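Asks: In case you want the letters, here they are:
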Amino acid sequence: SAVISQKPSRDICQRGTSLTIQCQVDSQVTMMFWYRQQPGQSLTLIATANQGSEATYESGFVIDKFPISRPNLTFSTLTVSNMSPEDSSIYLCSVGRGGRETQYFGPGTRLLVL
Amino acid sequence: QKEVEQDPGPLSVPEGAIVSLNCTYSNSAFQYFMWYRQYSRKGPELLMYTYSSGNKEDGRFTAQVDKSSKYISLFIRDSQPSDSATYLCAMTGANNLFFGTGTRLTVIP
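Chains as they are written, first to last, in the working numbering: chain P, 4 to 117; chain R, 610 to 718.
No lab work stands behind these hints, which were simulated from the structure alone. Predicted model only: the values in this text are computed from it and were never measured. Just so you know, not all the hints are guaranteed correct.
[What the hints assert, rightly or not] Selected chain P positions facing chain R (Cβ under 10 Å, derived; list incomplete):
| hint | residue |
| --- | --- |
| 1 | Gln9 |
| 2 | Arg13 |
| 3 | Cys16 |
| 4 | Gly19 |
| 5 | Gly43 |
| 6 | Gln44 |
| 7 | Ser45 |
| 8 | Leu46 |
| 9 | Thr51 |
| 10 | Glu61 |
| 11 | Leu95 |
| 12 | Thr105 |
| 13 | Tyr107 |
| 14 | Gly109 |
Yeah, the Cβ is synthetic: ideal placement off N, Cα and C, and Gly gets one too.
Only chain P is shown next, with the shape it has when bound in the complex (with noise of 0.2 Å):
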């Protein structure tokens, strides 16, 4: 498995700001994935990491409203620009190892919109 971590746990942010959340692992991967999770919904991927290049992100999600970094193999960042009541969400880093079918979550990040 792995050991990761989130930062910030948990957040209440105003309409129209930014919030930059981060993503440490304990170890080198290869991948790594965000996530939204609403509540009564499936956790719907936001993007996929990539080291050393431009995330991938899956329809509905755009980079200009996600922005993701990945300085390198340990870490990366989520942010959620120009907030609005809608984007409220645990949003989830995850990791592969081996495979994008074991992954491996970190606790998330609980965000309000007001």
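Chain P is already provided as a structure; the job is to place chain R on it using the hints.
Replies: Below, chain R alone, put in the same frame as chain P:
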């Protein structure tokens, strides 16, 4: 049609009961099937991982996959209050993971 369907529950059982959690799916390309456990205010924890059809047992937990019916199950024997959590199924072919919405389980002492 959703890729993965999972009954959200909630499901309440007495301590010691056998729990059955299930998911159905529509994509016959799925080959890898996972169960995650998520405690309140925590991230999902990988519980079981199965490739293709068949059974896999780990302690009190048994995962079953029936690809012909596109149906997977997680059985928990001798359930404990510490098993109270939301259980998420997940599956993939070769690309992204597709998750169920989760079943909330409460084991009553």
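Asks: Could you run down the list of hints and mark each one as holding or not?
Replies: Tested hints:
no. : hint   : in the structure
1   : Gln9   : 8 Å, holds
2   : Arg13  : 9 Å, holds
3   : Cys16  : 19 Å, violated
4   : Gly19  : 27 Å, violated
5   : Gly43  : 6 Å, holds
6   : Gln44  : 6 Å, holds
7   : Ser45  : 4 Å, holds
8   : Leu46  : 4 Å, holds
9   : Thr51  : 8 Å, holds
10  : Glu61  : 7 Å, holds
11  : Leu95  : 6 Å, holds
12  : Thr105 : 6 Å, holds
13  : Tyr107 : 6 Å, holds
14  : Gly109 : 5 Å, holds
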